[in-house]
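Participant: Starting from the given sequences, assemble the full structure and let the hints guide the process.
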Amino acid sequence: MTYETILAERRGRVGLITLDRPKALNALNTRLMNEVVAAAQEFDRDPEIGCLVVTGSEKAFAAGADIKEMQSLDFVDAYLGDWFAAWDRFAAVRKPVVAAVAGYALGGGCELAMMCDVLLAADTAKFGQPEIKLGVIPGIGGSQRLTRAIGKAKSME
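So the sequence shown is numbered by full-length UniProt numbering: it starts at 1 and just counts up by one.
In short, the hints are calculated from the structure, not lab data.
Small disclaimer: the values here were computed from a predicted structure and weren't measured.
Keep in mind that a hint or two might mislead.
Label-pair distances were calculated between CB atoms; the ranges are [stated by the list, open to error]:
| id | residue 1 | residue 2 | range |
| --- | --- | --- | --- |
| 1 | P22 | L120 | 33 to 43 Å |
| 2 | K152 | E4 | 38 to 48 Å |
| 3 | G135 | R45 | 19 to 29 Å |
| 4 | D20 | S72 | 18 to 28 Å |
| 5 | P96 | E157 | 20 to 30 Å |
| 6 | R10 | A153 | 19 to 29 Å |
Distance condition first, Cα-Cα at most 20 Å in a straight line; then the derived SDA-like pairs of lysine to any residue [as the list claims (entries may be wrong)]:
| id | residue 1 | residue 2 |
| --- | --- | --- |
| 7 | K95 | K23 |
| 8 | K68 | K133 |
| 9 | K95 | K133 |
| 10 | K23 | A102 |
We put the CB at the ideal spot given by N, CA and C, even for glycine.
Facilitator: This is the structure:
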C-alpha cells in the first residue's frame with residue numbers, strides 16, 4: 001500500500017512506520033492518523049512481522065494535532081469525526097508496538113507514543129501535553145495512560 005504522510009516498510013520481522021510530514025513537524029492530521037492505523041493493521045495481519053516500530057524524525061516524533069485542520073471544524077464535525085475510533089483501532093494491534101521517539105512528542109504525539117507497548121526515548125526527546133495549559137483535556141486518553149504507566153506522583157511533576 002502507498003501512503004502520503006507515512007513511510008511503511010518491512011525490515012526483517014519488524015514493521016517500521018515512520019511519520020513523514022516534516023514541514024508540519026509530523027503534526028497529526030486525519031490522513032496521517034488513518035494511514036498509521038492502516039499500516040499498523042496491515043503489519044498486524046502479516047505472519048512474517050513480529051513487532052512494529054513507530055517513529056518520526058530527529059526533530060519531531062509528532063508535535064501534536066494539526067491545528068490548521070482542526071480550525072475549520074465546528075463542534076458537531078469535530079465530535080462526529082473518526083478521531084477516537086481510529087486510535088482505538090491502533091491500540092487494538094495485537095503485536096508489540098515500540099515508539100522510537102526523538103525530538104518533540106507533544107499533545108497527540110505524546111499520546112500516540114504512550115499508546116505503544118514500549119517507549120524508547122532518545123536523549124533529545126521532549127514529551128508534553130501543552131493543551132492542558134489551554135484548558136483542553138488530552139483527547140486520546142493521555143492523562144490516564146501517563147498515570148498508569150509511571151504512577152501518579154511522577155506524572156504530577
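Participant: A separate judgement is required for each hint: does it hold in the structure or not?
Facilitator: So, going through the hints one by one against the coordinates:
{"no.": "1", "hint": "P22 with L120: 33 to 43 Å", "verdict": "violated, 21 Å"}
{"no.": "2", "hint": "K152 with E4: 38 to 48 Å", "verdict": "holds, 40 Å"}
{"no.": "3", "hint": "G135 with R45: 19 to 29 Å", "verdict": "violated, 40 Å"}
{"no.": "4", "hint": "D20 with S72: 18 to 28 Å", "verdict": "holds, 23 Å"}
{"no.": "5", "hint": "P96 with E157: 20 to 30 Å", "verdict": "holds, 28 Å"}
{"no.": "6", "hint": "R10 with A153: 19 to 29 Å", "verdict": "violated, 41 Å"}
{"no.": "7", "hint": "K95 with K23", "verdict": "violated, 31 Å"}
{"no.": "8", "hint": "K68 with K133", "verdict": "holds, 19 Å"}
{"no.": "9", "hint": "K95 with K133", "verdict": "violated, 35 Å"}
{"no.": "10", "hint": "K23 with A102", "verdict": "holds, 16 Å"}
The structure is inconsistent with the numbered hints 1, 3, 6, 7, 9, although it conforms to all the rest.
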